[in-house]
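Number of protein chains: 2
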Amino acid sequence: MGETMPHWLTKQAQLSPDMPALEDEAGSSWTFSELEQASKTFAQKLASFGVRPGMHVGILANNEPYVIIAVHALSYLGAAVVLYNTKLAAAELNYQMDDAETAYVLLSTEMKDLTCDHSWRAGRMPLSFREVDEAEAAPLQLREEIDLDDVFTIMYTSGTTGHPKGVIHTYGNHFWSAAGSALNLGLHKNDKWLALLPMFHIGGLSVFFKSAIYGMPVLLMRRFDPQKVQAAIVNRGVTIASVVTVMLKRLLEELGNRLYPDHFRCMLLGGGAVPLSMLEVAKEREIPVYQSYGMTETSSQIVTLSPNDALSKLGSAGKPLFPAQLQIRNPGQDGVGEIAVKGPMVTRGYYKNQLANVSSFDQGWLKTGDLGRLDEEGFLYVADRRKDLIISGGENIYPAEVEGVLARMEGIEETGVCAVPNAVWGQVPAAFVVLADKQLNATEIEHFAAGNLAKYKVPKHIYIVEKLPRNASGKLMRHILSRWAEERNE
Amino acid sequence: MGETMPHWLTKQAQLSPDMPALEDEAGSSWTFSELEQASKTFAQKLASFGVRPGMHVGILANNEPYVIIAVHALSYLGAAVVLYNTKLAAAELNYQMDDAETAYVLLSTEMKDLTCDHSWRAGRMPLSFREVDEAEAAPLQLREEIDLDDVFTIMYTSGTTGHPKGVIHTYGNHFWSAAGSALNLGLHKNDKWLALLPMFHIGGLSVFFKSAIYGMPVLLMRRFDPQKVQAAIVNRGVTIASVVTVMLKRLLEELGNRLYPDHFRCMLLGGGAVPLSMLEVAKEREIPVYQSYGMTETSSQIVTLSPNDALSKLGSAGKPLFPAQLQIRNPGQDGVGEIAVKGPMVTRGYYKNQLANVSSFDQGWLKTGDLGRLDEEGFLYVADRRKDLIISGGENIYPAEVEGVLARMEGIEETGVCAVPNAVWGQVPAAFVVLADKQLNATEIEHFAAGNLAKYKVPKHIYIVEKLPRNASGKLMRHILSRWAEERNE
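Top to bottom, those sequences are chains W and P. Quick note: the first sequence, position 326, residue 326 per this note's numbering, numbers continuous. Quick note: the second sequence, position 30, residue 30 per this note's numbering, numbers continuous.
It is worth saying that the hints were derived from the structure and are not from the lab. Where a beta carbon is used, it is the ideal one built from N, C-alpha and C, also for glycine. Some hints here could point you the wrong way.
Simulated pairs of lysine to aspartate or glutamate, DMTMM-like, Cα-Cα distance not exceeding 25 Å [to be verified]:
1. W:Lys367 / P:Asp375
2. P:Lys438 / P:Glu395
3. P:Lys283 / W:Glu377
4. W:Lys189 / P:Asp147
5. P:Lys189 / W:Glu377
6. P:Lys189 / P:Glu377
7. W:Lys189 / P:Glu377
8. P:Lys387 / P:Asp375
In silico contact screen, one side only, chain P against chain W (beta carbon under 10 Å); selected entries [said to hold, decoys possible]:
9. Ala450
10. Gly451
11. Asn452
12. Ala454
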């Protein structure tokens, strides 16, 4: 048994009953007291369908208030919540539901319509949010205390190769993530967090635990829309927003020559390296960008760079949060090695996956599979996913480095770099490029690369494409690039 | 084993090396990096005297920077710190040193001079801070990781009767106390905490753990001086100060008709109930007073009342902090029962005191021995220490209630109420009164009491005194009042 504390939502409803907890785009809102009541009632309705403590209950829904209510309701029941990506194909869903031993699946109405005939239904009880809401409440005793060692959520890593792994988050993991973030960003009475990342990803979901723990309102958005985000910051008192790099780019375009109001104090940025040009524009527009590094396994960001260091430490993800430790393992001559992390917000392991647990953990340290180095002041520079590393004639090439250079070229919107098999060198880099200026051609790009990169790092194949393959949280899926490259080389 | 995290001071020195950590009155200051270096060097010097992991090392000193350096140094060595009240007599010190199995005692130079011939020296090694500082550093490996379940400090409860008990604080207790306080008060980049309570009490010491965990500077004062506190708030950027009620009174006098600057955001108030008149003056002067309730066993405040509620919830200590739970056990018809608390900041027990542990803890709950009630909104009203309760003809009389009424009388500075044995009623209340207006007499006071209190609550004895007996943290020692009353009745 771990430390115990009062149930977060109940406690916050006692401390700040009339404080707004949740607003949606349409203007509906819930105070902490209302959210507590809604969640407790939903819990008792779920109980009437047979949901019981210790069960695993899936949620398959895009961002909407019901998801938050359902997550809190399941915690009142002592059931674990498994959050599924709504973009999964039926076979993928089937795999994840089997793997997580999901007994029930809660669906938004749109999901229910879309998927009611799918094979993954078999053997599990799908329930739409509405169906639950229309049921009678069963008078089941609800939990009023949380044990930090208990499992709260399971989320599958967006896993680009092989089978996805179910990351276990305890209540403690989520609490420590929220505490670590507060120690880094501070806690202000007027804070309001904009939640627009999908709640089936850790970056989206974690905002709602912060809300309950901090006593902070959240403005929930269904999907990213730069105009709506702009309006939320300017007119609805948003002080902090979590975004990924591609979103920041569009927000800067939307912002134009204007400035955000003074109350906006943090643009928390995940989803990979940011081009210098973008940071410079952000600085000019006085946007407090906090770059970060994290993953499902670390319950959200575990390393953050403050705006003060954004330009002087260009390309760095910053320093590990207060409760966290970071090591670079087996560094090469360039100082780059595998990033290992440790701390109370790091998952205790993958669900029912002894093999992954043995290979990923070492004496309490999680080996992330990412490559990086620390500078002399302790700032982290993430090089790349180890498996994305390109080894060409014995030289290491980090795709992110090549992408960073190409992103600086006038007329390039974004790029993705991957390895392509090569008879002479073993591997060579290939670049997929989305153009802002349609006049640009591959030869010019190659020329630019040659002027800015060691010869072996210059992409040997340059493909102009309309769009890069990204997953739901905006992460570049390099294994798809590799497949594209293969197809083009056949 | 509990959760592990990096050593607090090392970590903060990595995150904010050049941020000020500590200032003293004279104007000396240490950055986090300097404080880390000073503490690590001090640790290695301590090691040269034979201090080793797991040992208990006492500190006997008034507030000075060496105390902070020594506390951090002992944590680098993995030794537990026992903090002794400098006002203890030799026999009391002897008892506490035996009880805590203290192997070494660190002394300020003034203490060394005062006490070098005292009997408590026998069998233990007294070391003055200076002596340690002049020693050679031993190259002992220092701890760079903290296990939250490890013992960090032991402090004796100011225990007014019987033998004092050694309260064990783990690293986790102190961390959770700091986290709970931050969730309540918020965390601002410009925060600077004024530390003037003695560091051998939890209210004084806990500020320095907050400093390391938050990355926040502390201004250390040797003792309370209203003029100096006023100057620190106005000229030295203090945003938060911890004080006890008697200090607030003197600060209000010092302030006069002026206001504190806007940056001053919290006067955290411990040490018992506050008279309405004082709160009204504080409100008029726009001082953000946070009343609180806590004890050594809860690692500092565990219940706090925000300034917004200070007047509408007059006499309340507020609501339990986010990670904490509170119960009223066996309430009477008036709702008053024993206050029990639970949470990760609550001590796991008293050192080597099975009897006290069995009688004080019940399934994870600490029975505080204090009496109180909750109103319908969950605000705590502390009635009194159970052992201070006066039972007169079967009626309960809470000394604090009587004191609160008398404090409202024009011309009274402060009062202390206690029980006196009575042949008819069992006990009756007696009041000791310090006068502001020396013309006032006992008859007038009795008349005022009779007009504002039920007959059985009116003090049957009124004694005019020069001063009330208070311990080092400003708490009224009612057992001394009882002794005084006894002497006067002989």
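Evaluation of the provided hints:
{"no.": "1", "hint": "W:Lys367 / P:Asp375", "verdict": "violated, 51 Å"}
{"no.": "2", "hint": "P:Lys438 / P:Glu395", "verdict": "violated, 33 Å"}
{"no.": "3", "hint": "P:Lys283 / W:Glu377", "verdict": "violated, 46 Å"}
{"no.": "4", "hint": "W:Lys189 / P:Asp147", "verdict": "violated, 32 Å"}
{"no.": "5", "hint": "P:Lys189 / W:Glu377", "verdict": "holds, 21 Å"}
{"no.": "6", "hint": "P:Lys189 / P:Glu377", "verdict": "violated, 32 Å"}
{"no.": "7", "hint": "W:Lys189 / P:Glu377", "verdict": "holds, 21 Å"}
{"no.": "8", "hint": "P:Lys387 / P:Asp375", "verdict": "holds, 23 Å"}
{"no.": "9", "hint": "Ala450", "verdict": "violated, 39 Å"}
{"no.": "10", "hint": "Gly451", "verdict": "violated, 38 Å"}
{"no.": "11", "hint": "Asn452", "verdict": "violated, 33 Å"}
{"no.": "12", "hint": "Ala454", "verdict": "violated, 32 Å"}
The earlier numbered hints that this structure contradicts are 1, 2, 3, 4, 6, 9, 10, 11 and 12.
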